[in-house]
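*Asks:* Start from chain A and add chain B with the ligand according to the hints.
Chains as they are written, first to last, in this note's numbering: chain A, 1 to 325; chain B, 1001 to 1414.
Honestly, the hints are just simulated from the structure, not real lab data.
Every value quoted in this text rests on a predicted model; they were computed, and no experiment measured them.
Just to be clear, a hint being listed does not mean it is correct.
[Unchecked claim] If you only want the chain B side, here are some residues facing chain A, beta carbon under 10 angstroms, derived:
| no. | residue |
| --- | --- |
| 1 | T1006 |
| 2 | A1285 |
| 3 | R1305 |
Note that CB positions come from ideal geometry on N, CA and C, so glycine has one too.
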Amino acid sequence: MNFDLDQDQLDAAAGARRFFTDQASPAAARAALEEGPVQPGRQALADIGFLGITVAESTGGGGGALLDLAVVAEQAGAVLAGPSLVTAARAAVLLAEEPELAAALADGSRAFCVVDGSSPALDAVGADTFLALVDGDLVVGGGTVVTGQPMDATRGLGVVTLTDPRVLVPDAAALWARARDVALVVLAAEDLGTAGRAVEVGVAYAKERHAFGRAIGSYQAVKHSLVDAWVGVEQLRSLVWWSAWAADRAPDELPLAAAAAKAFAAETLERAAETCIQVHGGTGFTWEHDAHLYWRRAKVDRLLLGDAAEHHDVVAGLVLAGALS
Amino acid sequence: MDFDDTPDEAAYRARVRDLLAEHAADLVHLDAGEEAGDAAEQEQALRRTQRVLADAGLVGVAWAAEHGGQAGSLAQQAIVGQELARARVPALINHIGLGMCGPTVVAHGTPAQHERYLARLLRADDVWCQLFSEPASGSDLAALRTTAVRDGEDWVVNGQKVWTTLAHVADFGILLTRTDPGKPKHAGLTMFVVDMHAPGVTVRPLRQMGGQSDFNEVFFDDVRILDSERLGEPGEGWRVALTTLLNERVAVGGGGNDLGLSVESLARLAAAKLPGLTPERRVLARQAVGRAAVAALGNRYTGYRRLTAISQGGLPGPEASAGKLAGTAASRLVSDAGVRLLGDDAVFAVGTGDDGTGEDGAGRWQRNQAWLPGIAIAGGTDEVLRNIIGERVLGLPPEPREDKHRPFDAGSRA
Ligand SMILES: Cc1cc2nc3c(=O)[nH]c(=O)nc-3n(C[C@H](O)[C@H](O)[C@H](O)COP(=O)(O)OP(=O)(O)OC[C@H]3O[C@@H](n4cnc5c(N)ncnc54)[C@H](O)[C@@H]3O)c2cc1C
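Pulled out of the complex, with its shape left as it was, chain A reads as follows (with noise of 0.2 angstroms):
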């Protein structure tokens, strides 16, 4: 047994990390709620080899295992980068069959949205081909897309139509089942970077405010409330690499780990983005400070692809199958 990244994955991280905070930042995702681009954009994503990660060598992909973008996407998180890794991870297994298109899906000549029957999908702006279950069937075509007001500019979110639908896997509905799965532990990923950095900025400003004469963070109320949010955001690590290294390494286990992950990560980041909040008092809730743009990304993640509630329901059927025995 060992739990704990490898030295190629520490370094990917510090790479990612590089990368997001230059190009994306919650200054941008504030920009994208004004109709600002998101940043850093699904092109500058695929030349770094991001949106490739999972996509085999062979096809112009990093052929590596989920846990590598597991590590990237909890980076992308953390800047409220966008668009989400989610979309290139779950389209990644879902072509893995398809060299052409996955090699579109790695060099970003193509910009994939995977479609959940009638919710609003994610990185739905500006795509250009659309993946969704139809009858038991993969199918790939074009589509319509109706944006509404966004509570999380990043996400792209839009209600989807598609155009000309054809069947690119018959009976899919195992393959499609996986790649939600693997959806699951990507977004629990970039919820975990959320979150984390909620914490982070809460924890700075704990220590430079003062009230009646000493920082806010002496006091039990705020210090307590920042330490809950930080030992969630910890279990959820743990929860996220789980799921991930599961997805690679033990197939068995990822419908339980990614759901419990989801379940987790849904609960967390809202509960590290109300308490960013609150920490910064009447500070956080302007719309020049960052606090909000955490929240929406929490109001936002919890409900896509399931809320807690829906993936508690799964926990408790696979543990009632068996599951831990």
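*Replies:* For chain B with the ligand alone, kept in the frame of chain A given last:
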């Protein structure tokens, strides 16, 4: 990253299983939360169990060979823990000795003390307890008042300890005393090994809220302790106690072990009970089971991360406190889900059967539920652990501690 056993670990696990099977007839087998009828019989059975395990090389797995251990890895230690749970062998009777007292004797004891105590501790020939808390000093441990006064080759101890787990069966204890009341409260403390059978030591069991008696009051009336039983230098007791507390953090929940009934036992109970519920209740019950499982798994894997870090040479740091906080919270969710699944049996134990649904089962879940409030207090309360994490891990400013630098006898003792 790899959760699977390495080939070495797999071989070790197989050997542990073989050894447990070989000695099965000499070991106590109980489900978590289950108790034998007679306390004295249970004590003897548990001592025998630990002796058998120690002789088989399954106690003190990660302890150095010179101290009677197996010089094994933490992963091996964790494997033994998993296999003992799988074989339904209850926690070792000397868990305080192994988790807290032993490591303290190792770190601060003289070679003669190592010789005298450690091998017997591993075999539960001597059971140990930790005599720190007092009626007026729990969280604020350094405020303790039990005194030790030098008298020739001896020290003379007077005072009272409380909530001392296992004192009623213990042969030795590590005892934190005040030896210099004129110094600030952390500076005037000294640690000893005390013989629990010495004249002047009185142990009075306390009954806990769940009805059992695991802990005690201990009174010291002119108890004489030889200077050679001192652990560390006079006045260095706080530094010695920190070693104990550091190890306590890992021993209690820091390795991701379940603090109460396991999530696996909840799964068995749920499988038996859920089909009988109305659809509305089933939805709620599944939510509770799912939430408890997620929390327990998060804690388990966080414990694995910590074990990995320690086995790579890291020290058990203040982060381990997070394991106890999260472990306590997860155990409460597991226990609460279990108790609620029992339905009417949740408020009084009825029926028979060993599938977790009958008399034993109901009583087990109820006992576990009544144990968890203690877990959130023992070994540092949730609030104190949050202070430790907030200040030592997150670097938040400390609370004002007005009595820290004042001499103890000049007003530290509020
Ligand atoms: C099951 C069990 C087993 C135990 N076994 C042992 C043992 O073997 N040996 C031993 O020495 N002790 C043992 N203890 C004692 C245990 O260590 C103490 O109970 C614990 O440290 C708390 O101290 P206290 O009970 O005096 O509570 P107090 O310190 O009086 O605390 C009361 C309340 O005030 C809060 N509080 C105190 N200080 C602060 C602060 N600075 N900030 C915020 N809140 C604060 C606490 O969190 C708690 O809610 C055991 C206790 C239990 C319940």
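*Asks:* If a hint holds in the structure, say so; if it doesn't, say that too.
*Replies:* Verification of the supplied hints:
1. T1006: Constraint on T1006 (chain B) satisfied, holds at 8 angstroms.
2. A1285: holds, 8 angstroms
3. R1305: With a closest approach of 5 angstroms, the R1305 (chain B) hint holds.
Checked against the numbered hints given earlier, the structure satisfies every one of them.
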